[in-house]
Each structure stands twice: as structure tokens, then as C-alpha cells.
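Colleague: The chain contents come next:
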Amino acid sequence: MKYLFIDSATTNLVVAIINEGKVAYIYNNDGGLDTSSKMMPILDEAFKASKLKPQDINKIFVVTGPGSFTGIRIGLTVAKTMAYSLNIPIIPISSLEVMASGNGGTALINARRGYVFAGTYDAELNVIYPDSYILMSDNLKKPYISYDKFDFAVEKPIVDVLKVIRKHENNKSVNPHLLKPNYLKLTEAEEKFNHDRES
Amino acid sequence: MYILAIESSCDETSVSIVKDGVEEISTVILSQMDTHANYGGVVPEIASRMHVENITIVIDEALKKANMKMEDIDAFAVTYGPGLIGSLLVGLMAAKTLAFIYNKPLIPVHHIAGHIYANNLVKRLEFPLIALVVSGGHTELIYMKEDYSFEKLGGTLDDAVGEAYDKVARVIGVPYPGGPLVDKLAHTGVDTYDLPLPLNDDSYNFSFSGLKSAVINLAHNERQRGKDIIAANMACSFQNRVVEILVKKTMKALKFYNVDNLIVAGGVAANKGLRQALTEACKKASVNLIIPEMKYCTDNAAMIGAAAYYAYKRGDIAGPYLNAKAVTLLK
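Protein sequences appear in the order of chains A and B.
Going letter by letter, the first sequence gives residues 1 to 199 in this note's numbering.
Going letter by letter, the second sequence gives residues 200 to 530 in this note's numbering.
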């Protein structure tokens, strides 16, 4: 089986092609902005390096969030468009699970004003604490894993794409037309609108 | 040449298939207007969210409506700017992905070029021409001596004309989207309010924020004195000033450049007051006036597909690095 993996939800962009259980290509780099410019050249390189065509892919694994709203949409639009037009099954993945895929722990994404996107996974990627948008708290299980800077110690994520794919390889695929980002957070305008309506 | 075009620069997700820049094969437009009406204007993050949810559905519908398959498409076109960056990015990434997987050219189209070329779907453009582009985001006078050659003569220095309409609508209590309703109201009112003719100079530039402020101040002063403004009369006075300056500078450009083709494009091209005044002025000056049908005035991908054909002929083909631009000059 040939798989494509895309995660553009955080500052660390991951694009991988898995060919018969082996990583044929992986781009896994932190500190990058401008994902919209980089995405297609990286995909192009990924297919060239693994000597495959988009038409050869059997399954797409795409991170739907949480994380950067724009970042999520970039990867998801590419994955949805490819899945829809080439009729490839697509499976949504959590950004926090990808971050915790090394040895497990609580993956954190800074959501500002004291809030975080947090999810705790064990080393086998079982969910210990589900992905949430919450105020940062000491109750979250250590170690903390993040690409972001906090005023407490965090470990750099170790991304194990193969582990994530093995965990979700047999998940039921989703209709690409219905696949949505998992922002875990309403827009500010919606929050205010709901608040005004309730009060 | 069949071009599949995507437009997502603001609050409409639209996909069209256009043949040779003149023939609209199919168009699908998914408007988010009802959602944004809850907020009194377009909320960029909500717009982006709705684009990503709908993009593949709209592409699929456009193909089905045309009774075509992706393999029948010769090139992909997309609005790369100007517009809301998050919204633009969804259409841009979808178009880049399609061009990549089908190994077809990717044609980047400037949103304003699209508005101008909407007219090409009705009747082949004749050159040289002057284009007056008026919408919620743009107010520009452009000189074109031939296909896909753009010389900007002037533009707004602050608010776009449609933006001024929406803000004035709020002041006089007209719901969103205010533009069309202010236009309607203006026809029932009388020009009684003393408003200034904005940026009445020799340039081809426009400025509507002063006029908008004048409306706000007048309304405020009247209310302070316990009187309420007469909305229809305020709409009429405001619209008369806007139309007068737009017509004046447009006719001046036509005369100066010795051009007898005028094209009006953009959402405000649907404004009845403006259409009427331009029709009269052009008749008097023997200028050939082209105003698109209502369906081509608002954002749609057919116009992007029409422009893309001429952009392609000029050699505008983008590489995989193409990025969206919130602000970009039409060249």
C-alpha cells in the first residue's frame, strides 16, 4: 500500500510518503512559515523522490487540527482536493497525536491568553486525555511536548509517522466533501454572537 | 481550451468551466451572504472556514453541471488576489493541487482582471477601452489598449465605493448588505442634504471616506437636536454625490484618452443610479457602454475563467510556489 501523510497544522510541516510500510520520503521541519508557498514544491519532491504519482496513492492521512487555522486549511484543502478528484480514501488525524507520537505525553499548542490546545497520549497513541481547548493546568500529565515556547519546560516533539499510520490504517475513511477542520474553537465573532444571543 | 476556474477571494466559493475565454460552460456559486449578515459584514475567519468546507463540493458540481470530467480540463485558473488572504488560500491550494495532479498549466488571475473580463462572456471586448471597476473592495479606472494590458489611471485613496455604501447604510438604519438597499431607497427620496462632492479634482482618484463622514456627522447632529434624518433623502443625497463624481471622472478619462468603449464591472455596477447616469452620459458622448448582466456583477468564477484565457495567451503561467496576495497591483 502507498500512503500520503500531510500535517500543516503547526509550525512543523510534515509531508511523507509511505511505500509498503517504509518511509519513502519525509519532510519534517520546524520553524517554517509560508506553508502555502512550500506545500506544492515539497509534494512534487515527495513524489519524485519516491518514484510515485499522486494516482498511485491508496490512502491519504491528513491532520485536521487543532493548530493554526490557516495552516490546517492549507493541508486539508490539498488533501481533500486530491482525495476527491482521484477518489482516494482519506483519514483525519490529530496534530496533537502526531506531536506525541514519539514516546507519548501531553502535546501542547499555544492558543494564547493562557489557553492551549492539549491532548495526552500514551506511547501506543491511546488517548489518555482527549484533544481540548483549555486553560493550561498542572493537572495535565507530563512530559509536555510542544514546538511552542512556554514559561515551563517542554520537550521537542519526535514525529513517528509510521506509528501514527499503523494506529489509524484501518480507520473508516471519510467522505472528502464532508471532511472539516477540527479547530476545537469557534471564531471570536461566533463566540460573541452566541454570547450576545444567550444574554 | 477548457479552463476550470476557482474564485474564493471573499465570501463566495465559485467554480466555473469556461471555453476559450468567451463561452461559459458551467458556473456554481455558493454564497455565504446569509451567514455574514448575522455579523453585519464579512468575517474573514468564518469566510475561510466555509470555503474549506465547500471547495470540493463546488468543484464537483461545476464539473457535473458541465457534464465533464477533470481529464477534459486543459488548464486550471485561480484568483490569487487581491482579497481576504485566508479565503484566497483555499481556492489557491485547490487549484495548485489540481494543476499538480493532472499536470496542467496553472493560471493566476487578478480579481479585477476577472471583473473586467466578465463582460467578455457577454460580448467580445473591443479595444481600446476604459474600465470602471466598482465594488465593495475596489474603485478603479483602468485603461486597456489591448487584451490583458492594464494601465491604472486612478483609484480610491481610502474606502471603496461599495464599502462607503455599507457604512452609510448602517448610519441610516439599512440592514446588511446595505449597498443594494441604499440604492433602492435613494430612488424613493429627494436630494435634500448638503453633502460635499468628494475629491472633486483633476485626478482620476477617488475618496469616499470624507463623504461617509459627512453623512455620519449630519446624522449625528440631527439626532443631537432631537430630529431624525430622513433615510430615503439621505440615501438619495449620498448616492447622487457618489454617482456624480464617478461619472465625471470616468467621462473625463474617456475624453482624454480618446476612447469610445466603456466597461463597468464589479458589484456596484448593479447600482441603478450609476447605470442610469452612465447610460445618459455615454449616449451624449457617443460612447459604447458595456455593463454586465447582474449575475456577472458580483464575484463569480466565470469571469476568472474568461480572464485566464487571455492571461494564458500572454504567458501568465504560475509555478508551484504561487502564493495568495491580499493586496496586489493589476499589471
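To be clear, the hints were calculated from the coordinates, so they are not data collected in a lab.
Note that the structure is a prediction, hence the values are computed from the model and not measured.
Please note that a few of the clues may not be correct.
Sample of chain B residues lacking proximity to chain A, with all beta carbon distances greater than 12 Å (derived) [unchecked claim]:
1. G285
2. F326
3. I489
Straight-line alpha carbon distances no greater than 30 Å define the calculated BS3-like cross-link-like pairs of lysine-lysine that follow [to be verified]:
4. K48/A with K530/B
5. K524/B with K2/A
6. K454/B with K38/A
7. K263/B with K59/A
8. K268/B with K185/A
9. K471/B with K38/A
10. K59/A with K530/B
11. K264/B with K59/A
12. K59/A with K268/B
13. K141/A with K163/A
14. K53/A with K530/B
Virtual Cβ for every residue (Gly too), placed ideally from N, Cα, C.
Colleague: Do the alpha carbons of K59/A and K268/B lie within 30 Å of each other, as the hint requires?
Modeller: holds, 22 Å
Colleague: Just to be careful, I want the Cα atoms of K471/B and K38/A compared with a cutoff of 30 Å; is the pair within it?
Modeller: violated, 45 Å
Colleague: Given the hint that K48/A pairs with K530/B, test it: the Cα-Cα distance must not exceed 30 Å.
Modeller: violated, 34 Å
Colleague: Holds or violated: is the Cβ of I489/B farther than 12 Å from all Cβ atoms of chain A?
Modeller: Its Cβ never comes within 12 Å of chain A, the nearest being 35 Å, so this holds.
Colleague: Given the hint that K53/A pairs with K530/B, test it: the Cα-Cα distance must not exceed 30 Å.
Modeller: violated, 35 Å
Colleague: Between K263/B and K59/A, does the CA-CA distance stay at or below 30 Å?
Modeller: holds, 25 Å
Colleague: Between K268/B and K185/A, is the straight-line Cα distance small enough, at 30 Å or below?
Modeller: Distance of about 37 Å is beyond 30 Å: violated.
Colleague: Quick one, are K264/B and K59/A close enough, alpha carbons at most 30 Å?
Modeller: OK: K264/B and K59/A at ~28 Å, within 30 Å.
Colleague: Starting from K59/A, check that the Cα of K530/B is at most 30 Å away, please.
Modeller: violated, 41 Å
Colleague: For the pair supplied as a hint, K454/B and K38/A, confirm whether the alpha-carbon distance does not exceed 30 Å.
Modeller: violated, 47 Å
Colleague: Quickly compare the C-alpha distance for K524/B and K2/A to 30 Å and report which way the hint goes.
Modeller: Roughly 35 Å between the alpha carbons, so the hint for K524/B and K2/A is violated.
Colleague: Mind checking the alpha carbons of K141/A and K163/A for me, to see if they're no more than 30 Å apart?
Modeller: Satisfied, since the Cα-Cα distance of roughly 21 Å is no more than 30 Å.
When the structure is compared with the earlier hints, violations turn up for hints 1, 4, 5, 6, 8, 9, 10, 14 and for no others.
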